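Could you slot chain V onto chain H? The hints should help.
Read top to bottom, the protein sequences are chains H and V. Per this note's numbering, residue 1 is the first one in the first sequence, and the count goes up by one each step. Per this note's numbering, residue 1 is the first one in the second sequence, and the count goes up by one each step.
It should be emphasised that the hints constitute simulated quantities derived from the structure, not laboratory data. These figures come from a predicted structure and were not determined experimentally. Any given hint could be a false lead.
Just so you know, same-sequence chains aren't split out, so a pair can sit in one copy or run between any two.
[As the list claims (entries may be wrong)] Below, computed lysine to any residue pairings styled on SDA-like, alpha-carbon distance capped at 25 Å:
no. : residue 1 : residue 2
1   : K116      : S177
2   : K116      : R39
3   : K116      : V130
4   : K116      : V40
Now for the letters of each chain:
Number of protein chains: 2
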Amino acid sequence: MNDSTHPAPTPAPPGFDDVLAAAARIAPHAHATPVLRSRVLDALAGCELHFKCENLQRGGAFKFRGACNAIFSLGEEEVARGVVTQSSGNHGGAVALASRLRGTRATVVAPRSTPKVKLAAIESYGGRVVPCDTTQASRDEITAQVLAETGGVLVHPFNDPRVIAGQGTATLELLCSAPGIDAVIAPVSGGGLLSGSAIAAHGRGRDIDVFGAEPIGARDAHDSLRSGERITGRVADTVCDGLRAELGTLTFPILREHVREILLVDDAQVVAAMRLLWERMKLVVEPSGAVPLAAVLAHPQHFAGRRVGIILSGGNVDLDALPALFGRSG
Amino acid sequence: MNDSTHPAPTPAPPGFDDVLAAAARIAPHAHATPVLRSRVLDALAGCELHFKCENLQRGGAFKFRGACNAIFSLGEEEVARGVVTQSSGNHGGAVALASRLRGTRATVVAPRSTPKVKLAAIESYGGRVVPCDTTQASRDEITAQVLAETGGVLVHPFNDPRVIAGQGTATLELLCSAPGIDAVIAPVSGGGLLSGSAIAAHGRGRDIDVFGAEPIGARDAHDSLRSGERITGRVADTVCDGLRAELGTLTFPILREHVREILLVDDAQVVAAMRLLWERMKLVVEPSGAVPLAAVLAHPQHFAGRRVGIILSGGNVDLDALPALFGRSG
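Isolated chain H (complex conformation) (with noise of 0.2 Å):
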């Protein structure tokens, strides 16, 4: 993020405590969702995956859990204002129907590559679209823009503490459903999900490992966590359109202190883990949501024999772009 967009210094990260109070917040407008099982997928991995369904949440994505949190945790005068962000499409959605559950405005920017299911989403729960290009530096120009034309609230898709403190409530309730695992598994994209999957992992203990899941074609979470310093200005190249953000001066820090790895899978692996999902669990899940599930079967010595919580984050997929997608996978 530049100056323009953030400029107040970075805030302080959540902790277990905002996880909890977030819970508690979201609990009248989020659903708690399932977590499902697979034998078949099961004996594939070598392990015991329980999957949160995060792509059975409202607006089909976890997001909602972080835009909630934030956007009811808004002052009166700050909901008068209305609401900004950006967001290549969920994060979008997510703003949009908390700001109307909350009565607000949503004004969301948004790449012009974004899938039209998303966009449609957005529009649909009442939110304005305003198109950007697909790199960081237009987002945030962008953004800014919108921010001083709106005078609105700016609910950042990761780099703010309440929504990472919302996206970990669904790790929360994971935990609860499978009170044995030993493994956490999320994507990572500008890493809120992976942030605050990680807190509540770690909330009451650190004996959980906590991996995260990013495609070779927008791999800079996997290389800054290497090299220590957050890389930025990479131009993405993935299936996965809900994956091309980079870390935030927010969540770096914190997936550096709580990350075990960052594992990495190419877009075929991730397509062919997604077909696996819509045949053997009858789940519509959208490709950056099976990264995880693609990362398990790509790096199994991390999980043999474990019980492994994987968050499928999303199924928002353009139905009439499956017939490209699959051919992907052969």
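Same frame as chain H, but now just chain V:
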């Protein structure tokens, strides 16, 4: 059914106690599937929809309940002989899976038009597939041959009280999860699921309306209930590959006693409902499984303002056939 495959007189219909016994018998093996909701679909339907997700059942369909109850009811002598059935797909997979769990062999007589994914499932569970033509006469003829050759025990897909009682356990669970339900709707083909659903729904009283949902191109159940005569010998023409059977001698009188009405929908309505389930609920549901939602949307006068339980009967669909399928809904 002709006499060759069904030599015994029609057995007595199962009662509510049989459904309760089936629930206990299959509990160690079957999933207690989730009941999911969608505000978007509620608004579209003008009623409160509670989706019983049998697409998330083992084997991808409710059929595992009935097959499991029947096969775990067999005596040791019968188990030693092996199991034979006829099926357009999901029942075959369910019988193969339940047979493997019980430690016996399954032979499945299946029409050549059966989707590849369903044939693959039968074989993946260790079942043997014997092909037949799509007519009921061909199914019965080949089934009789296989029974004679193998000495196996017939587990009929619907005209069997153990199978019907097993199918009823889905509605039993649904009514436990959502006790205020005042209408239940399930697809009808041979009538096993709908019979079991009705017996379960009416087990403790008659204040729940039970509806069937049937494609126009396979409307024998609708016409049979209207005319009071069980109609046989038609050739079905519908995208719903799971709904091409005709009512049995056992299921027909149960439906006459319990079912308020069979509601008809055309294939375009089915595919549109299926698309809604994929896009809005993120659930992979096969065409047959989308028929009840299509019926609720097409016949709103029966459901306005009510609490409606919908059995999402299965999710076994060839992903490679999707473009052709969704092309039908325009």
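How the hints compare with the structure:
1. K116 with S177: neither (34 Å within a copy, 35 Å between copies)
2. K116 with R39: Cα proximity of K116 and R39: across copies only (21 Å, versus 34 Å in one copy).
3. K116 with V130: Within. Shortest intra-copy distance 14 Å satisfies the 25 Å Cα cut-off; inter-copy 45 Å does not.
4. K116 with V40: Between copies only: 18 Å across, 33 Å inside.
The structure does not agree with numbered hint 1 stated previously, though it agrees with all others.
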